[in-house]
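K.L.:
Guided by the hints, dock chain B onto chain A, whose structure is given.
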Amino acid sequence: MAVLVIAEHDNASLTDATHKTVTAAGRFGGDVDVLVAGEGAGAVAEAAAKISGVRKVLHADAAPLKKQLAEAMEALVVPMMDNYDAVFAPATTMGKNVMPRIAAKLDVMQLSDITDVQGSDTFERPIYAGNAIMTVTSGDAKKVVTVRGTAFEAAGEDGSAAVETVDLADGDLKSAFVSEEIVESDRPELTAAKRIVSGGRALGSAEEFNRVIEPLADKLGAAVGASRAAVDAGYAPNDYQVGQTGKIVAPELYIAVGISGAIQHLAGMKDSKVIVAINKDEEAPIFQVADYGLVADLFSAVPELTGAL
Amino acid sequence: MKVLVPVKRVIDYNVKVRVKPDQTGVDLANVKMSMNPFDEISVEEAVRMKEAGTVTEIIAVSIGPQQAQETIRTALAMGADRGILVKTDETLEPLAVAKILKSIAEAENPDLVILGKQAIDDDCNQTGQMLGALLGWPQGTFASEVKKDGEVLHVTREVDGGLQTVALTGPAIVTVDLRLNEPRYASLPNIMKAKKKPIDMKEVAEYDVEIANRLTVVKVTEPPVREAGEKVEDVATLVEKLKTAGAV
Chain A
82 MAVLVIAEHD
92 NASLTDATHK
102 TVTAAGRFGG
112 DVDVLVAGEG
122 AGAVAEAAAK
132 ISGVRKVLHA
142 DAAPLKKQLA
152 EAMEALVVPM
162 MDNYDAVFAP
172 ATTMGKNVMP
182 RIAAKLDVMQ
192 LSDITDVQGS
202 DTFERPIYAG
212 NAIMTVTSGD
222 AKKVVTVRGT
232 AFEAAGEDGS
242 AAVETVDLAD
252 GDLKSAFVSE
262 EIVESDRPEL
272 TAAKRIVSGG
282 RALGSAEEFN
292 RVIEPLADKL
302 GAAVGASRAA
312 VDAGYAPNDY
322 QVGQTGKIVA
332 PELYIAVGIS
342 GAIQHLAGMK
352 DSKVIVAINK
362 DEEAPIFQVA
372 DYGLVADLFS
382 AVPELTGAL
Chain B
64 MKVLVPVKRV
74 IDYNVKVRVK
84 PDQTGVDLAN
94 VKMSMNPFDE
104 ISVEEAVRMK
114 EAGTVTEIIA
124 VSIGPQQAQE
134 TIRTALAMGA
144 DRGILVKTDE
154 TLEPLAVAKI
164 LKSIAEAENP
174 DLVILGKQAI
184 DDDCNQTGQM
194 LGALLGWPQG
204 TFASEVKKDG
214 EVLHVTREVD
224 GGLQTVALTG
234 PAIVTVDLRL
244 NEPRYASLPN
254 IMKAKKKPID
264 MKEVAEYDVE
274 IANRLTVVKV
284 TEPPVREAGE
294 KVEDVATLVE
304 KLKTAGAV
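Here the protein sequences line up with chains A and B, keeping their order.
Residue numbers for the first sequence follow the numbering used here, beginning at 82 and rising by one.
Residue numbers for the second sequence follow the numbering used here, beginning at 64 and rising by one.
The hints are simulated quantities; they were obtained by calculation from the structure and are not laboratory data.
The reader is advised that the hints may include incorrect statements.
[Stated by the list, open to error] Cut-off 27 Å, straight-line C-alpha distance, at most; resulting in silico cross-link-like pairs (BS3-like, lysine-lysine):
| id | chain 1 | residue 1 | chain 2 | residue 2 |
| --- | --- | --- | --- | --- |
| 1 | A | K275 | A | K354 |
| 2 | B | K95 | B | K256 |
| 3 | B | K306 | A | K275 |
| 4 | A | K275 | B | K304 |
| 5 | B | K95 | A | K361 |
| 6 | B | K65 | B | K113 |
| 7 | A | K147 | B | K210 |
| 8 | B | K304 | A | K354 |
As the structure is a computational prediction, the values presented were derived from the model and not from experiment.
So that you can see chain A by itself, here it is in the shape it has in the complex (with noise of 0.2 Å):
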């Protein structure tokens, strides 16, 4: 048996969630080999080969993959699905954008999201939400998967695969990559940090926003994540997003201030290690899942939190 594993970076670096996928592949069985696909990303392929447990790494360097749009890597992975058993990618927008794709071609039923692999056709996924956790079996020929990287340890480092080249056949494609707006941040990205803080909308307004939350995030070296509400009423930007219809996160520690933990909310963040509340609303359901709750107003809390630190 053979996995193939779709590696997540940005031509330049290879992110965490790749080591994550290649354990969860791990699990499933057989060789394991990474594909990354990119422009200009040989760093990225070399990168790949030294994550522990990959056979070899398949490097595939064209214009059209530089963004990882979800029909070149459709046409570039379906072709090379005849040598394996099974395609993992993270359950990232890159992830979730190509995969349908690469399944549907496939003829196969895709597995979302998935939080457990349990031996080589039997997975865990959570749905509505997170409020229940389905167990189900493929009866599919070919498995494609995306993978939760809250759910699995990153792999390591200590291997050294070769790294072999592939090539994207040549075809007509009908999307093209226009532009982007990647936030620069100096703070760790939200998915991969081991602190978070959030606001929620008691927050008021963007200015309180940043005002109170980004010193504490500061002091604690944390990512700045936000609720739903504060998102969606203009506080913070989206990708700051933590929920159901946001990221998924489990830091060792996750502050909650002024969130009052709506159902998709804490699905995304109910797997962190320490959950903290600061909310004044002492029946806020913040307060069902938080290690430690304080009620409080949080524009004198946070403060003094972010003083006594």
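P.N.:
Below, chain B without anything else, positioned relative to chain A:
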């Protein structure tokens, strides 16, 4: 432009989901059902494009039980022109749904299929992309902005690090994310008008599509419950607790 908008009937997003004691699924008996919230956003976008003059006709499609007709009526009340209900009492997987939608797209020849990025019941996030692959159409998933620019559709996408814009040529698939728009409430006169709009009733068997499920559910269980911890008196106590726990 002619637009196809698939809509799914799901458990209402406000309802607390309960897992059945026999672990076969979640309890849907006597539970309020509504249109999938992401699909409301796709209907709204289609209606706005029609109001702006870029769209001429909106067809709402649902594949599900007889009651999914209500979901189509909601789309019609929001501004869709006509509906197609493909009736089935089976719970179809995204692959089967995509195959049926492909048949409908081939019959209706839309310029755009606009769908919710995921349904809030199975959280699969697959149908739009699968339909794109089956039709050989380009896709713009997780859209926060959709702009028609001559023959090209510009779609701005919510990606992990921020925003990405792609250009799609020819008939295309768009799946929508939360910030694209805020769906309207249908007004009473529009709800009344929607009752007169046509819905074409079909059976799954009328489509030459293999719909058997590929996945077998072994069990559905409750997630592990996280125990509530303790309330602390003040900031000083919180800091002390966090230090003791090694969290800071």
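K.L.:
Taking the hints in turn, state whether each one holds.
P.N.:
Do the hints match the structure? See the list:
1. A/K275 / A/K354: It holds: about 10 Å lies between the C-alpha atoms, which stays within 27 Å.
2. B/K95 / B/K256: Holds: B/K95 and B/K256 sit about 24 Å apart, inside 27 Å.
3. B/K306 / A/K275: This hinted pair holds, its Cα atoms lying about 16 Å apart.
4. A/K275 / B/K304: 18 Å, holds
5. B/K95 / A/K361: Judged against 27 Å, a Cα distance of about 32 Å means the pair is violated.
6. B/K65 / B/K113: Given pair B/K65, B/K113 holds - Cα atoms ~9 Å apart, limit 27 Å.
7. A/K147 / B/K210: The hint holds at about 23 Å.
8. B/K304 / A/K354: 14 Å, holds
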